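**Student:** Spelled out from the first residue to the last, the chains are:
There are 2 protein chains.
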Amino acid sequence: MIKPEIVSQLQKITGKEGVLTAKEDLNAYSYDGTTTWTHMPDVVVLPTTTEQISRVLKLANENKVPVTTRGAGTNVSGGSIPIKGGIVLCTVKMNKILDINKTNLTATVEPGVVLQNFNTALAKEGLFYPPDPQSFLGCTMGGTVAENAGGPYCVKYGVTKQYLLGLEVVLANGYVMKVGGVTVKNRTGYELVMLFTGSEGTLAVITKITVRLLPMPAASKTMMAVFDDMIAGGQAVSNIIGSGVVPAKSAFVDNFVIRRIEQMTPMGLPLDANALMLLMDDGNPAAVETDTQQIVDILKKSGAKEVKIAKDADEAAAYWKMRSAGFAAVFGAAHTVLAEDVAVPRDKLAEFIKKLGEISERTGFFIQYLGHAGDGNLHPSIFTDIRKEDEFARAQAAMGEIFRAALSLGGVLSGEHGIGLEKQRFLKEAMDPVALDLMKKIKGILDPNNILNPGKIWEEEGA
Amino acid sequence: MIKPEIVSQLQKITGKEGVLTAKEDLNAYSYDGTTTWTHMPDVVVLPTTTEQISRVLKLANENKVPVTTRGAGTNVSGGSIPIKGGIVLCTVKMNKILDINKTNLTATVEPGVVLQNFNTALAKEGLFYPPDPQSFLGCTMGGTVAENAGGPYCVKYGVTKQYLLGLEVVLANGYVMKVGGVTVKNRTGYELVMLFTGSEGTLAVITKITVRLLPMPAASKTMMAVFDDMIAGGQAVSNIIGSGVVPAKSAFVDNFVIRRIEQMTPMGLPLDANALMLLMDDGNPAAVETDTQQIVDILKKSGAKEVKIAKDADEAAAYWKMRSAGFAAVFGAAHTVLAEDVAVPRDKLAEFIKKLGEISERTGFFIQYLGHAGDGNLHPSIFTDIRKEDEFARAQAAMGEIFRAALSLGGVLSGEHGIGLEKQRFLKEAMDPVALDLMKKIKGILDPNNILNPGKIWEEEGA
Numbered sequence: 169m170i171k172p173e174i175v176s177q178l179q180k181i182t183g184k185e186g187v188l189t190a191k192e193d194l195n196a197y198s199y200d201g202t203t204t205w206t207h208m209p210d211v212v213v214l215p216t217t218t219e220q221i222s223r224v225l226k227l228a229n230e231n232k233v234p235v236t237t238r239g240a241g242t243n244v245s246g247g248s249i250p251i252k253g254g255i256v257l258c259t260v261k262m263n264k265i266l267d268i269n270k271t272n273l274t275a276t277v278e279p280g281v282v283l284q285n286f287n288t289a290l291a292k293e294g295l296f297y298p299p300d301p302q303s304f305l306g307c308t309m310g311g312t313v314a315e316n317a318g319g320p321y322c323v324k325y326g327v328t329k330q331y332l333l334g335l336e337v338v339l340a341n342g343y344v345m346k347v348g349g350v351t352v353k354n355r356t357g358y359e360l361v362m363l364f365t366g367s368e369g370t371l372a373v374i375t376k377i378t379v380r381l382l383p384m385p386a387a388s389k390t391m392m393a394v395f396d397d398m399i400a401g402g403q404a405v406s407n408i409i410g411s412g413v414v415p416a417k418s419a420f421v422d423n424f425v426i427r428r429i430e431q432m433t434p435m436g437l438p439l440d441a442n443a444l445m446l447l448m449d450d451g452n453p454a455a456v457e458t459d460t461q462q463i464v465d466i467l468k469k470s471g472a473k474e475v476k477i478a479k480d481a482d483e484a485a486a487y488w489k490m491r492s493a494g495f496a497a498v499f500g501a502a503h504t505v506l507a508e509d510v511a512v513p514r515d516k517l518a519e520f521i522k523k524l525g526e527i528s529e530r531t532g533f534f535i536q537y538l539g540h541a542g543d544g545n546l547h548p549s550i551f552t553d554i555r556k557e558d559e560f561a562r563a564q565a566a567m568g569e570i571f572r573a574a575l576s577l578g579g580v581l582s583g584e585h586g587i588g589l590e591k592q593r594f595l596k597e598a599m600d601p602v603a604l605d606l607m608k609k610i611k612g613i614l615d616p617n618n619i620l621n622p623g624k625i626w627e628e629e630g631a
Numbered sequence: 169m170i171k172p173e174i175v176s177q178l179q180k181i182t183g184k185e186g187v188l189t190a191k192e193d194l195n196a197y198s199y200d201g202t203t204t205w206t207h208m209p210d211v212v213v214l215p216t217t218t219e220q221i222s223r224v225l226k227l228a229n230e231n232k233v234p235v236t237t238r239g240a241g242t243n244v245s246g247g248s249i250p251i252k253g254g255i256v257l258c259t260v261k262m263n264k265i266l267d268i269n270k271t272n273l274t275a276t277v278e279p280g281v282v283l284q285n286f287n288t289a290l291a292k293e294g295l296f297y298p299p300d301p302q303s304f305l306g307c308t309m310g311g312t313v314a315e316n317a318g319g320p321y322c323v324k325y326g327v328t329k330q331y332l333l334g335l336e337v338v339l340a341n342g343y344v345m346k347v348g349g350v351t352v353k354n355r356t357g358y359e360l361v362m363l364f365t366g367s368e369g370t371l372a373v374i375t376k377i378t379v380r381l382l383p384m385p386a387a388s389k390t391m392m393a394v395f396d397d398m399i400a401g402g403q404a405v406s407n408i409i410g411s412g413v414v415p416a417k418s419a420f421v422d423n424f425v426i427r428r429i430e431q432m433t434p435m436g437l438p439l440d441a442n443a444l445m446l447l448m449d450d451g452n453p454a455a456v457e458t459d460t461q462q463i464v465d466i467l468k469k470s471g472a473k474e475v476k477i478a479k480d481a482d483e484a485a486a487y488w489k490m491r492s493a494g495f496a497a498v499f500g501a502a503h504t505v506l507a508e509d510v511a512v513p514r515d516k517l518a519e520f521i522k523k524l525g526e527i528s529e530r531t532g533f534f535i536q537y538l539g540h541a542g543d544g545n546l547h548p549s550i551f552t553d554i555r556k557e558d559e560f561a562r563a564q565a566a567m568g569e570i571f572r573a574a575l576s577l578g579g580v581l582s583g584e585h586g587i588g589l590e591k592q593r594f595l596k597e598a599m600d601p602v603a604l605d606l607m608k609k610i611k612g613i614l615d616p617n618n619i620l621n622p623g624k625i626w627e628e629e630g631a
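Heads up: the sequence lines are chains A and B, in that order.
In terms of our numbering, the first sequence is residues 169 to 631.
In terms of our numbering, the second sequence is residues 169 to 631.
Isolated chain A (complex conformation) (with noise of 0.2 Å):
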């Protein structure tokens, strides 16, 4: 239990206004978007500058104690759970866009900046900032940073760290260094801007990043369409990639899927299509029309029963909002929904779908999954539920067979989401031991009192 006198003083340092610690406010600091993990805080800072951020860092440091940094607390893997409790340091209210300069096509921001409201302002410019986790309606700009969140735009656009220029973060110990710059060509030695991209949160708090931006691509064209199997629907966008068409966009969702968003919000959904795809095209218009034919016609090589185009930005926006419902619809599927994001190389997709399968017959838990495609990257959830100690623990299990597979393959434990709680147990299974230990090193030269973000990524010895 943190002492009163640190709640006293950082009260000084925000004003009361900025600091939560009454039970119910800091229940809604318990959580992220997983449904399994939650650890109560014991309280919260809701900072407005980093002066602030350097005073408080500075605080807990001297007196060691734990700070999870959280933006919105949309990330699925654990990560801005204040595991060990201590401070959440929330950046909400750090909000502002900086700066956005056409000319040099670059903004800065604070952390606690909302996604979709920096798209807004960046669109009112005639400018893009591709990186699109699903959560983009509230994640913060800082989150995306900390986790190197991806989405279904990376296919062609790449993550989050393929467009961060510059950051300023401040240190465990309140010093605010600045790292990189707003070039987009910068070789000022080590690439310290991206050892602090997807470090979680336990390397200092991001104060300010500055990202390099696109002009709006002039036209998109949204296409869906429905395959007998996933296999098939992910051969098929390898075809359209192997045909020198990146689409922009890339998505699945499965029969599952399909079935509880027609449930949920009917839209006139094939209900007995097993994998329905979609797919996006942008840029110049004129190259749009023809890839849209070119990526039409390979759907319709490769097997699809059915594909349609959509007619306008209307249908377009309805059909991948059908995608945002593919994630409520599994969430809501069961009190416990083990959510999970692997990423295999493209060309063992099948062969993963494969063994999925395999680990379903073999545990009894039915496998549910969509993805990215196009990118290797797939999330499979299993429906369970916590409150029952055996089925949860065979649950655990069975995601643990499926990480396994993925790593067979050459695939990874995480292709967006990051390590945080949920996949730690694996990580020694994933890396090199000496990588591994690389990173703890690294950790304990920026944050030696272990006050970051601790019990995150790797498993603490003994634990």
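Hints listed in this document are in silico derivations from the structure and should not be mistaken for laboratory results.
Possibly wrong hints are sitting among the right ones.
Since the list gives no way to pick one copy over another, a pair counts as held whenever it fits inside one copy or between any two copies.
With a straight-line cut-off of 30 Å between C-alpha atoms, the simulated DSS-like cross-links for lysine-lysine are [unchecked claim]: (1) 171 <-> 191; (2) 522 <-> 346; (3) 489 <-> 261; (4) 180 <-> 261; (5) 226 <-> 609.
If you're wondering where the values come from, they're calculated on a predicted model, not measured in any experiment.
Go by the hints and put chain B onto chain A.
**Tutor:** Relative to chain A, chain B alone:
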């Protein structure tokens, strides 16, 4: 001077044919693409396997012998010069393309593979790897990773780091470590691949490189435009990008280069042009047609006196050859050429060019420059003679003013060449001191005896 028993142990590791000690052989490894720095190694070792490299490093580490890793030595910041003597570890014999996976759109190569050979092999499969430093005909893949190489293609496609998925590296103690993997999305812990990218051989020896690939663009067009001055040319590129078209490549040369090229290999260039821009658009054939028209329109509206579209691939190749000849023209222009590399925010390019003019007037040195346009990356050169102590010191001071001018505009010391030896005396002005210290501490973890490319990137204490 290295002990004879070290040399004989190296011979045991690689065979006698893998170890060079004759002065005339060592001389070839004493310089890089700069014309200012040289230092003789004590011995050159040319390993053929990762295991040999592991044994070489173990030996060097135990005996605290400096090891400077080098590919083709085409780098232009002094990075591969064995400034402390010791061992040059040259990777050119490890030149196998280990895997090209068309479905996964990835390839794995040894570090000694020449970039041009890699792209030739990829082209046969309809694949494409964009990073294209000027040295592409000779530079090795290992070198491009160690220097995080850029090039004209990076305007649209980004630099080397944006294509790296996995590395095998040998640590100073000989341990062979794997980081990253073969999937395009990977959120397993910190971005350790990026730690080694651009680390200029100071953290480990890179022995395997896995990169993501793109399908070869179906079409491309190259344009040449003549402007009255660089500022107008730079503004034209900004206008093009602002209109939503990001050219695949962009480069410009000044009147000095135009005249030198015409002297060396007459191409019919306009001798009175003050700025000559090259632009390439690529992608979907229909898009390239409409983009080209749009680019030509904007070039003319932005004040181009003349715009030519290359009529076929041969003419396009001739245009780009001119750009390569531009570098040769610059390097051959004086006994010593301080050929530099800075980047400024795109919207500060005009201001920077004005500052170059002021520095030239104030110092009396003619400042030649060519650049990439579109990414703010500029290569200014000063012609001097290292044998004339006084003049050379003044030339270096003038270059220092150029660096400071770039920094004052929010630019960076290096856009693509790295720091090496060339710019380390300015590093303290260009980086947060704590970030600089962080780099040293990371180096300390990985290379506690400071054997890997010692004396590079930052100045040594007391130096």
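**Student:** Using 30 Å as the alpha-carbon threshold, which applies to residue 489 and residue 261: within, between, both, or neither?
**Tutor:** Within one copy only: 28 Å inside, 53 Å across.
**Student:** When no copy is specified for residue 226 and residue 609, does a C-alpha distance of 30 Å or less occur within a copy, between copies, both, or neither?
**Tutor:** both (21 Å within a copy, 21 Å between copies)
**Student:** Using 30 Å as the alpha-carbon threshold, which applies to residue 180 and residue 261: within, between, both, or neither?
**Tutor:** within (17 Å within a copy, 64 Å between copies)
**Student:** When Cα atoms must be at most 30 Å apart, do residue 522 and residue 346 count as within-copy, between-copy, both, or neither?
**Tutor:** between (47 Å within a copy, 28 Å between copies)
**Student:** One pair to classify: residue 171 and residue 191, alpha carbons no more than 30 Å apart. Within, between, both, or neither?
**Tutor:** within (16 Å within a copy, 70 Å between copies)
Violated hints are absent here; each numbered hint is respected by the structure.
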